[in-house]
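Per the numbering used here: the sequence shown = residues 26 to 422.
By construction, these hints were calculated from the structure, which means they are not laboratory data.
Per label pair, the in silico range of CB-to-CB distance:
hint	residue 1	residue 2	range
1	122	227	43 to 51 Å
2	371	260	45 to 53 Å
3	215	296	33 to 41 Å
4	360	211	45 to 53 Å
5	256	296	18 to 26 Å
6	217	155	14 to 22 Å
7	246	294	25 to 33 Å
8	254	338	47 to 55 Å
9	296	152	51 to 59 Å
10	362	291	20 to 28 Å
11	316	378	17 to 25 Å
12	182	301	42 to 50 Å
13	388	304	45 to 53 Å
Quick caveat: nothing in here was measured; it's all calculated off a predicted structure. Every residue, glycine too, gets a C-beta built ideally from N, C-alpha and C.
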Amino acid sequence: MKKIFIMLLLSKACTLFAQDSNILIGLDNPAHGITSKINIPGYTGGYSRGYSFTNEDLSIPFISFGVSGSVLNGKSTMNYGFIGSSLGNPFMSFSPNGNIGIGTTTNPYKLNINGPAMVNGAIISSVNNAIGGVLELKNPFKTANTASSTWRVYNMGGNYGNSLQFWAYSDLSCENGGLCANRFTLMDNGNVGIGSFNPTGALEIMRLSSYGDEKGALKIKSTAADQFVYFSYLDAFNSGSIQAIKPGVGAQNLLLNAQGGNIGIGTTNPTEKLAVNGNVRAKEIKVETVNWPDYVFDQDYKILGLQELDAYIRVNKHLPDMPSAKEAELNGIELGEMNKLLLKKVEELTLHLIEKDKALVETQKKVIQLTEAQQKSALIETIIFKRLAEVEKALKR
26 MKKIFIMLLL SKACTLFAQD SNILIGLDNP AHGITSKINI PGYTGGYSRG
76 YSFTNEDLSI PFISFGVSGS VLNGKSTMNY GFIGSSLGNP FMSFSPNGNI
126 GIGTTTNPYK LNINGPAMVN GAIISSVNNA IGGVLELKNP FKTANTASST
176 WRVYNMGGNY GNSLQFWAYS DLSCENGGLC ANRFTLMDNG NVGIGSFNPT
226 GALEIMRLSS YGDEKGALKI KSTAADQFVY FSYLDAFNSG SIQAIKPGVG
276 AQNLLLNAQG GNIGIGTTNP TEKLAVNGNV RAKEIKVETV NWPDYVFDQD
326 YKILGLQELD AYIRVNKHLP DMPSAKEAEL NGIELGEMNK LLLKKVEELT
376 LHLIEKDKAL VETQKKVIQL TEAQQKSALI ETIIFKRLAE VEKALKR
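All chains, full assembly: derive it from the sequences and hints.
Structure follows, in structure tokens:
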């Protein structure tokens with residue numbers, strides 16, 4: 026009989042009223058299971074504790090469960106619910122939209138934590154789209170439009186390329202001209218990009234630097250102030266640049282021209298494969314050339330006579346085939362071509378010397394012949410004078 030009575034009691038919804046009519050436990054017609062409704066004395070603001078565990082005189086609440094907002098006759102325009110010792114010291118808060126706060130009642134995100142947190146395990150952000158999961162770091166102290174008040178790390182795909190990317194944002198939105206830029210990319214294939222969100226090389230650098238039109242700058246700095254080597258790409262010259270910079274000395278440039286493959290040292294406009302604005306010192310320079318001037322020694326080669334050469338020099342002030350001083354200063358000289366011209370002049374000079382030597386030999390022969398003739402003439406003259414002397418002596422007898 027007792028068992029039947031107990032079952033009848035459990036099968037019927039139970040309503041318990043205390044002496045205070047503001048307290049109601051239980052509902053007349055619970056739809057599912059057990060439902061509790063608490064009618065707390067009405068408030069039009071502040072907070073109410075639905076449940077509180079305190080000391081004996083209720084002066085020190087250890088933990089409370091309540092709401093913040095207007096509560097009246099069991100109905101609430103709730104701002105948030107909380108668990109904590111008091112409204113001012115919430116351990117956790119629960120917003121009507123489902124967001125949760127730990128140590129805070131400001132809950133713009135699904136989970137908001139005010140203070141350090143330790144996770145003994147993985148933190149996983151899983152988003153199935155091109156942007157992918159994201160880790161966001163904010164610093165409200167950085168308020169300038171050029172400052173990165175927000176950093177985001179994305180696990181991207183799609184048009185962004187399969188990569189881990191670091192993006193910087195300012196408080197001003199991207200649409201309104203604020204900072205919104207990729208700073209670092211690590212591709213799934215191992216390629217690294219600095220300022221490039223889809224690097225195609227092992228290391229790709231792209232940026233607009235403080236040096237005007239220089240992009241892709243890589244700076245290697247010494248411990249001395251403002252002394253560094255600067256690798257960059259110059260849009261103005263469509264060329265790569267290597268600069269060694271030192272205060273008081275300026276930049277010493279090495280320019281690599283992307284269009285013609287020319288290299289410039291100390292110049293930004295190399296018109297040759299290698300252009301050097303300054304002195305060059307080397308152990309050996311090999312110049313490949315053709316049409317070496319051995320043709321000067323051919324039998325049919327016509328060489329200017331010395332008188333013709335003299336007339337040409339008097340008018341032009343330089344040797345035939347050689348550039349003038351003005352031309353050399355304006356256009357420079359080509360080592361290979363100049364060596365050929367110099368050798369040609371040496372060979373022509375050699376031919377002139379050979380001809381002069383031949384003429385000198387002939388002259389010497391004639392001098393010898395004249396000398397021998399003079400000696401014979403002198404001998405004959407001596408004999409004649411001797412004979413005359415003998416004749417005169419004989420006549421005097």
